[in-house]
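If you read the sequences in order, they're chains A, B and C. With the first letter of the first sequence counted as 1, position 46 gets the number 55 in the numbering used here; the numbers rise by one all the way through. With the first letter of the second sequence counted as 1, position 6 gets the number 921 in the numbering used here; the numbers rise by one all the way through. With the first letter of the third sequence counted as 1, position 165 gets the number 247 in the numbering used here; the numbers rise by one all the way through.
Everything labelled a hint here was simulated from the structure, so no lab data went into it.
Label pairs and their computed distance ranges (CB to CB):
#1 B:ALA953 - A:VAL95: 34 to 42 Å
#2 B:GLY946 - C:GLN257: 47 to 55 Å
#3 C:ARG486 - A:VAL115: 51 to 59 Å
#4 B:GLY946 - C:PRO292: 41 to 49 Å
#5 A:ALA106 - C:ALA391: 53 to 61 Å
#6 C:GLY204 - A:THR12: 55 to 63 Å
#7 C:ARG438 - A:THR12: 47 to 55 Å
We put the CB at the ideal spot given by N, CA and C, even for glycine.
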Amino acid sequence: MTTIIPRVRVPATAAPGEIVRIRTLLTHPMETGRRKGPDGVVVPRWIVTRFVAAFAGETIVSVEIDPAIAANPYFEFDARLEASGVFTFRWTDDIGAVYEVTQDIVVG
Amino acid sequence: MSAQTRRKVLALGGAAVVAGLAPHVGPARAGEVDARIAAFTGGAVIGGSGVTLSIAALVENGVSVPIAFDAPGAEAVLLLAPANPDPQAAIFRFGPRAGSRSVATRVRLAESQTVRVIARFPDGRCAGAEAAVDVVVGGCVI
Amino acid sequence: MLLDRRGAIRAGLAAVAALAAPAVLGQARPRVVVVGGGAGGASFARALAMGGGGGVDVTLIEPSKEYYTCFFGNLYIGGFVEFASLGHSYAGLAVNHAINVVHDWALAIDRDPRQVVLAGGGRVPYDRLVLSPGIDFIEGAIPGWDIAAEARMPHAYKGGTQVALLKAQVAAMPQGGVFALVAPPNPYRCPPGPYERVSMIAHHLRATNPTAKILIFEPKEAFAKQQLFEAGWSDHYPGMIEVLPDAFTGGVERVDAAAMEIVAGGEVTRVDAACVIGPQRAGRIVQVAGLTDATGWAPIDPFTMRARADPFVTVLGDSAQPGDMPKSAFAANSQAKVAAMAILVDLLEAPGFAPRYANVCWSLIDTDDCVRIGAAFAPTPEKIATVDGSAFLSAVGEDAETRRTNYLASLAWYAAITNDMFAGSPSAAATR
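Using the sequences plus the hints, can you model the full thing?
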């Protein structure tokens, strides 16, 4: 059974107007559908297709993902924060699974 | 022996990894790259400044290659690995909470190639950058 | 009569010695001293004794009376081989090759009078010295991980007790517990070793503790055979193994062995068992002999394995800067043969041959699923370099029979190299 755990690294606090660096990692095989498994059968394609990072309901960045993104997709980007709130990070893959994690930050 | 020679030597080993599994770059894929770019730019001319691309010139293993770009003011960025079986890597779209247009991620590179990045700005202007990467062992099939 | 009998035994021993050294009885033979009885040192001692036809006096200094190979230790962790099968006696080197095996620690090298200083107080003079002590961990590189901490967070990267300890700690994990491996930065012993270890631990956990998790704290951007391991992990152990690169975590800052915590980028991860493989450098004796440079490893002449810093000292195996060769048992054994030839040319004016090196590293991912990487190497004035076109690597998606053939080849290699090192000394397993 596969349990996929999304992980994020976000600072616990920030000053108003501060730009904070965010790092995200999803351990996901990103199967391209181009390799054979040990039984000689092609392993079906299984790709994370979308990632959205948001803060207080507003998008920071959204990513349309293709197989050339390496297995275990890793993204590092910046957010600008004016007030305390909640980050939402959501990954969607092509078998319809959704992986989501939320993280609070205190701004002030 | 130079790094260059060593790369060639190891590339032979690496070739076995992808042989028979990854199709070679052909006109069909070049056509797909052009189509992806056109869909992204809407046919705009791609200028030479406005985006920077960082990636190592030589990597031992194409399975996971750090790559970063910075495109101040861009609304979206297209990342391409044109020699991969699936040449488009990602499209990044920035929202109101973006603190910069500087992103780092990891790509897999099937073989040595020139990686491209194209940024699109709110006024419709586009800018591109590219970087040649020598890959010792290709990483496309997993 | 007892005296007669003892005399007869002495005569018998003399006959053996005479067979081993027909040409030089009564002459002063050149003395070659070897420090370290592993894949480099033991292979070298035997190759030199055989090639020298008794013309060289060979002393091997090695503290262990029974040597446990580090290689194949992962297969013991996975339950594929018995612990006892990894142990080997030096009796074969003494009996079959008249090598003087001294069980002591080499504390220092006096390069001016050319003597090895032993912890036991003795001094062993040499005409040529060969150092093959393997690796040491860089002290203080991971705060909180010291010799005491190695009891709770073993490296298991030198053979024997540490490997047994790690296996026991993995077996004692609670159901659904977390195992962490802290991987080393380059360069280090056995590049695929940490990832074969993770595979073998996953193999054990899948059967006994299937909800357990494995975390790898990874300082390198990419690791050996990565695409093969990642495909294998996805096939055999889906969802069990997570790689946490330094880029994401910020890197391991310290560990707390008492609390079983790993701290990376300010975030604390509590684990139930851990293997910490710290940053490495040449074995201590190579350092104190003054043969290393700023890298922590010993520069060598690629044609002979002689230390750049001293033509009377050869450095083999993991402690050397091997150019394109990885640090592996196969590589050390290959270097030992070149070095033995070079010293015989030097001391006995024996005919030489063009030096050639080789390496193959096998890694077992799951039962009968074994991958390999290898190449041939030749010296250039700058370094030992990969021979054009010689490199090979297992393919992702190749058939099961190929993988099984690799596994059988790895078992055959183990038998061959340990025979090369220990001259047919029975392993402890065979004596039970």
